[in-house]
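S.K.: Sequence:
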Amino acid sequence: MTATVSPALPPELEREIFELCAHSWPAQIPKLMRVAHRVKHWVHPLLYQTLVVYDPSQENPDDAGTRWITIERVASAISAHPAFFPSAVRHLLVSIFHNKDVANIATILAACTGIENLSLFEMDDTWISIIALLPLKRFYGRCQILISMPHPSNIVFPHLTHLRLIDWIHSENTDALIAFLAYPCSRT
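In the working numbering, the protein residues as written are -19 to 168.
It is worth saying that the hints were derived from the structure and are not from the lab. All residues carry an ideal CB built from backbone N, CA and C; glycine is no exception. All the pointers check out, no bait thrown in.
Ranges between beta-carbon positions, derived for each pair: (1) Ile49 <-> Thr106: 17 to 23 Å; (2) Lys117 <-> Ala83: 22 to 28 Å; (3) Asp147 <-> Val15: 41 to 47 Å.
Based on the provided sequences and hints, a complete structural model is requested.
M.R.: Shown next, in the form of structure tokens:
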């Protein structure tokens, strides 16, 4: 006779505990996923909620709260499980890229349709139409990215509530940046 052990806590409370633990210590999510199949189902999406995409030639900082992953690995994971990423990834930072990575980053942006917070320090013109479809609330990037975008700005960022520009404004770009920022938001 085989005895089956049922959970001592109600499943709703058990899930709340594991999700709280996963949010508090994201680096421990892979270990939590080994506890039980149901726990893996609950916390696996949290593993990809925040991604920092980096170039492997860069040093990978040891940050326990961030999911560092190479551009190639994200693109490979997306092609293996395309239905998973639209609802999983909410925060994406592309720390660096090279010309060879443009297509992979476009794939990542197109697949992760739930991105609310996006940090880009370089921009390729082919990404603008993809970014315009994202439900972005926060955008972090260089002024040059905004200046290179077509107007009006509210078409590219219809849901944006926070904008952070992370570089110096050169005098030759001031007029273009002011023109970009002068467009009213499309939200009422």
